[in-house]
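Visitor: Spelled out from the first residue to the last, the chains are:
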Amino acid sequence: MMLARRQLVPLVRRVAPSISSRSIASDAVSPAQSVAATTPTDVVPVAVTELLTAEVISGAPSELRHRAVRVYQPTRNTMQSGGAKGERWRIDFDILQGGGRWENPLMGYASSADYMQGARVTFKSQEDAINFAKQQGWDYYVQQPTVKRIPPKNYSDNYLYRPNKLRICKTK
Amino acid sequence: MLRIVASASRPSSVSLLSVAHRRNLSSTSARQADITLTVDGKEVTVPQGSALIQACEAAGSPIPRFCYHDRLAIAGNCRMCLVEVARSPKPVASCAAPAMPGAVVFTNTPLVHEAREGVMEFLLSNHPLDCPICDQGGECDLQDQSIRYGSDRTRFHEIAGKRAVSNKDLGPIVKTSMNRCIQCTRCVRFANEVAGVEDLGTTGRGNDLQIGMYVEKMMDSELSGNVIDLCPVGALTSKPYAMQARPWELKTTESVDVLDALGSNIRVDSRGVQVMRVQPRTNDNVNEEWISDKTRYAYDGLRFQRLTTPLIKGPDNRFVTASWPDALAAIAAGLNQTGAKGNEIKAIAGHLADTETLVVLKDLINRLGSDNLASDLEGKYGNAPPVHGIDVRSNYSFNSTIAGVESADAILLVGTNPRHEAAVLNSRIRKSWLHTDLVVGMVGTRADTTYGFEHLGEDAKALEKFLSGKVKGEFAERWAQAKRPLIMVGSSMAEHADGEAVFGMLARYVAATGERIVREDWNGFNVLQRVASRPALYETGFVPSRAATSTTPKFIFLLNADEVDPASIPADAFVVYQGHHGDRGAALADVCLPGCAYTEKSSTWVNTEGRSQLGRAAVPPPGAAREDWKIVRALSEVLGVDLPYEDLVGVRDRMWAISPSLVRWDGLEGTSLEVAKAGLGSLMSNFYQTDVVSRASVTMAQCTRAFVTREKTSLEGLGKEPLQAHA
Amino acid sequence: MLRLPRRLPRLSPPSSRLISSTAPKRSDALFIHRDTPYNNPEIAFKFDAQNLKRAQEIISHYPPQYKKAATIPLLDLGQRQNKGWTSISVMNYVAELLEMPPMRVYEVATFYTMFNREPIGTNFVQVCTTTPCMLRGSTDILNTTCAHLGGLKPGETTKDGKFTVIEVECQGACSNAPMMAVNDDFYEDLTPETTKKILDAFAKGEKPKPGPQSGRKTSENSAGLTALTTKPYGPGEFCQPEFQ
Amino acid sequence: MSFSKAFSPALREIRILCSQTGAASAGTRQFITSKYPAIKQHNPDLPVLIREASGTPARVFARFEMGVEKHVELDNLSAKDVESKVVTLLGS
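Protein sequence lines, in the order shown, are assigned to chains A, B, C and D. Using the numbering used here, the final residue of the first sequence is 172, and nothing's skipped along the way. Using the numbering used here, the final residue of the second sequence is 899, and nothing's skipped along the way. Using the numbering used here, the final residue of the third sequence is 1143, and nothing's skipped along the way. Using the numbering used here, the final residue of the fourth sequence is 1235, and nothing's skipped along the way.
Simulated from the structure, these hints should not be mistaken for lab results. Warning: the hint list may mix true and false statements.
Partial selection, computed: residues in chain C whose CB lies under 10 Å from chain A [as the list claims (entries may be wrong)]:
#: 1; residue: 962
#: 2; residue: 963
#: 3; residue: 964
#: 4; residue: 965
#: 5; residue: 967
#: 6; residue: 999
#: 7; residue: 1002
#: 8; residue: 1003
DSS-like mimics (lysine-lysine), calculated; alpha carbons at most 30 Å apart, straight line [to be verified]:
#: 9; chain 1: B; residue 1: 849; chain 2: D; residue 2: 1213
#: 10; chain 1: B; residue 1: 513; chain 2: D; residue 2: 1178
#: 11; chain 1: A; residue 1: 170; chain 2: B; residue 2: 637
#: 12; chain 1: C; residue 1: 1096; chain 2: C; residue 2: 1106
#: 13; chain 1: C; residue 1: 945; chain 2: A; residue 2: 165
#: 14; chain 1: B; residue 1: 389; chain 2: C; residue 2: 982
#: 15; chain 1: B; residue 1: 214; chain 2: A; residue 2: 148
#: 16; chain 1: A; residue 1: 170; chain 2: B; residue 2: 552
#: 17; chain 1: B; residue 1: 389; chain 2: C; residue 2: 1095
#: 18; chain 1: A; residue 1: 170; chain 2: B; residue 2: 849
#: 19; chain 1: A; residue 1: 148; chain 2: A; residue 2: 134
#: 20; chain 1: B; residue 1: 552; chain 2: B; residue 2: 849
#: 21; chain 1: B; residue 1: 655; chain 2: A; residue 2: 165
#: 22; chain 1: A; residue 1: 148; chain 2: A; residue 2: 172
#: 23; chain 1: A; residue 1: 165; chain 2: B; residue 2: 644
#: 24; chain 1: A; residue 1: 165; chain 2: B; residue 2: 637
Computed from the model, here is a short list of chain B residues facing chain D with C-beta under 10 Å [what the hints assert, rightly or not]:
#: 25; residue: 257
#: 26; residue: 534
#: 27; residue: 538
#: 28; residue: 563
#: 29; residue: 719
#: 30; residue: 760
#: 31; residue: 828
#: 32; residue: 832
#: 33; residue: 843
#: 34; residue: 844
Glycine residues also receive a C-beta, built at the ideal position from the N, C-alpha and C atoms.
Same shape as in the complex, but just chain A (with noise of 0.2 Å):
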């Protein structure tokens, strides 16, 4: 079963349509890879380059390299009309479970232990958000965005003619 599974997981991450593949990069290569390598799929894979991985010189804590980051695309806010901003790309943390927050009893300021928790990178595109997340040995899954649908509007379809009873009566 254990090597089933072993087998068996590069492929659906590999064929699945929003997960990517769990880079680590900094591991040497995982036996997970290997295996995608040499089994067929119809889903070509990636060319791996070399990366130098930053984590290595950079100083920072080994701990972040078992932390999934989300690259995603930031959905609009609902509450505002503008689209600005809309096609950047972003890398946030998940939150620690347990002690990534908490609140002071006395005065309710919010503190954490969690130096990731505010972190935000903004990014022009998907392929640079994780390109940066594996730069950074980075554990990371894609989130894509969602296609939307907004047909032609026409200023002209309230004052459309309809031959039968009508099932709304317009207004301003």
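With chain A's structure known, arrange chains B, C and D on it following the hints.
Guide: This is chains B, C and D only, laid out in the frame that chain A set:
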């Protein structure tokens, strides 16, 4: 093409999934031709019939607007979107003007600026200087646009001051401050078109125009919270959120709603350890841009009545706080003491159980030698395999997809009231009903949907009569001719004495109609689930075996199960409750294990379509509460059961081995035609022996009746999400 | 490509702030409905047989699905039957008759100022004070009217319920300014004296002759005709004798 | 062994994973269409979960008592081979 359309990037699978993408989902009639025009010197091609503002957007020229909204009809009354069009003597309101081939449009000229400045000056002339005390501050369209187009002082010095308008009472959710209203009428159009509340409107004229109901009335809609989002100023704000936080203090987390089975996409805004509000996230495949009021306002339930530490019931029947090791040891001791073996070990999964935990719990229970994996379905139905079976996904899923509802031309509702079971889906039906010739028929208790329907009867007999073609009427006629007929069966039918009969009847009908209802490009047989955890329960096979049904349990593990009938739990059984609220389930327990609510864990949720989506933790759980799957995993260690995973990745690998679609987040995996037919076949064969008429009782209608009474309490809180079918 | 002129040269800012001194124009009625003993949805309203027939006739002018087009005529009919004002019951009844949401009818009824949403007197006196009338002395007419009816203010009703006076905008009888409309009739070429006479007549329950009160015909020149003063030719007057 | 009689009671659950359209799963799908009704007829209470996902390799899992799970790969097999593999799996 519109830019937004071109940004489709997800590779869709080639099966039924892609059908949903192929279909023309626009609610207006299809207009094929594209036209080309020039916006700010950039050529852009848009579908014919687009508004000029859409063309400008597509060209990447943002147009300020107040009244125009992508998902509402065009009103053209704020005039903020003025642009300059060559050979036009005056600036043109780009929302109300059609995009014409060859037009040359300028959105950034002195004329445009001056025109917009003029509009803004008039808008501000009566707008109070409330920004410092206004809840919209920081995410206000008027505020933002006045930075660019507003003047820093006024030229109106009326002694009597600005226009004053009385505030309206729109109910417990929407706070009004009508002085701030700029009469964009977005709320009126939303209420009229989307929510189906035709009581909101504009009264008076000119300077006296105001939004309201004219008569004293509240906005009676389960989608009313969305007008808060729509309002471009602070006239309509959220009552529960009033004066609670500023948008720039909030941390936003994109997650998934679990209070119904639609899996609406939400954004959880939190500050510190508190969830401050819940906002919708646009996803045209699921919830468009709307969420129900329950989704939006149940969050305050997350603060109260929480389980924060493990509890063990002492000898005096009072709970005593305990440490995690003690609590887990107490469970192991309890299991030993009761001597539960095999199917006497029972797990009951509740409404808010997440998929990861279900998988881990199922593995644990299975390895303990039991198949007694019940759920808190109504009455005895949770203790038996569901009547629709779980073998084939299409037997319990919403196969037409939520977006696909819009392409149906006749809908038959069976024992369901989508308005209460899936409010956002209901708005889709209304949208389609308004814009197309859709006809709706209903079998079940007559309910106030927001669209017209033909009531065919209340019980299984009425359904049988309709299916056998003995009913005459407009709906029957149109149903017979429908190209895309859609049957929507309420999940409460699986919790009803007539359930077997109804599912059998429908399966036989679907099979008898050949290619009409289930075919390669259309699967019109749908089960509308109303509880977030059920699709995942069925997907993972979390159902009791037939043998387990008759076993008296000695050890019961309640996973978020608050709707369970206390009478069904034997007095001498050892009960463990794992969940986040100290509600009915916890009261029954000998040991309580504090878990996470949906805003506190990153877990997978499967919606009624079978779409798995990844929720994300926004805030940490209170006290000693832990992620649910970890609790079960830790328990397995104490019970000496070896589970083959240690981390979340491992659990998800296991989920993949159970059903790959569980880890294909956001994607939708359909059921192939032959398998769907095999599923229908199994439905039929089970019920060939069933005498439909003798089984048919008049009580089927109670399913929807209960929802109407429940509606009143639906906002009371998360912990007691009372989604019972019938009393 | 056509461009409109650029920004106009700015005038130098005024040295002192201009405080506009126009009185704020208050609407004469609320734009929300408040239940009162005389105006609430419980008060039944129905067209009488004759009006119902007329209503059906009006509705028949429009395609069946666009019955809502008859909102304004039907509201008017209802207002006439309901003593000159449109109560909430009238609106609800019209909405029911036309199968439209009541709010859509309220929108119409509040938009048009000629639908009175508060009760009025038996005689509804509307004095025009728009520019042409004002130039011809409508201020006097308004003051006279108000004073003569016992010191009313525009918008008020006399205690006996016989008169309601309001100021209105142009009624389109500018050539016979100043004018006022009492119920459906125009009284034109008014002077304070003729105004009093008209009001007195209405007070007695009579109905004075509508039209110009100065004695001239319609809107012909008040100083006498300046053209076409001779006798018009009759048929065949200057023709050959055999045609006379 | 055929599918025309009830399986051993030790068998608790069968899970068939395959792709809806993929060629590699064709045999498995054919197996489902031909044998699923028979399996269901003789084992009405046995869950036979058919879980499709595009592009997923075809496999069948069998869960026995005490949560013991075994599986075989069915990718690129004909319906007949699938049948024999499944028989071996269920009989084991």
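Visitor: Take the hints in turn and mark each one as holding or not.
Guide: How the hints compare with the structure:
| no. | hint | verdict |
| --- | --- | --- |
| 1 | 962 | holds (9 Å) |
| 2 | 963 | holds (8 Å) |
| 3 | 964 | holds (5 Å) |
| 4 | 965 | holds (7 Å) |
| 5 | 967 | holds (6 Å) |
| 6 | 999 | holds (5 Å) |
| 7 | 1002 | holds (8 Å) |
| 8 | 1003 | holds (5 Å) |
| 9 | B:849 x D:1213 | holds (27 Å) |
| 10 | B:513 x D:1178 | violated (34 Å) |
| 11 | A:170 x B:637 | violated (37 Å) |
| 12 | C:1096 x C:1106 | holds (11 Å) |
| 13 | C:945 x A:165 | holds (25 Å) |
| 14 | B:389 x C:982 | holds (27 Å) |
| 15 | B:214 x A:148 | holds (23 Å) |
| 16 | A:170 x B:552 | violated (48 Å) |
| 17 | B:389 x C:1095 | violated (46 Å) |
| 18 | A:170 x B:849 | violated (43 Å) |
| 19 | A:148 x A:134 | holds (29 Å) |
| 20 | B:552 x B:849 | holds (29 Å) |
| 21 | B:655 x A:165 | holds (22 Å) |
| 22 | A:148 x A:172 | holds (26 Å) |
| 23 | A:165 x B:644 | holds (20 Å) |
| 24 | A:165 x B:637 | holds (28 Å) |
| 25 | 257 | violated (47 Å) |
| 26 | 534 | holds (9 Å) |
| 27 | 538 | holds (4 Å) |
| 28 | 563 | holds (5 Å) |
| 29 | 719 | holds (8 Å) |
| 30 | 760 | violated (26 Å) |
| 31 | 828 | holds (9 Å) |
| 32 | 832 | holds (4 Å) |
| 33 | 843 | holds (6 Å) |
| 34 | 844 | holds (4 Å) |
Taken one by one, the earlier hints fail for this structure at numbers 10, 11, 16, 17, 18, 25, 30, listed in ascending order.
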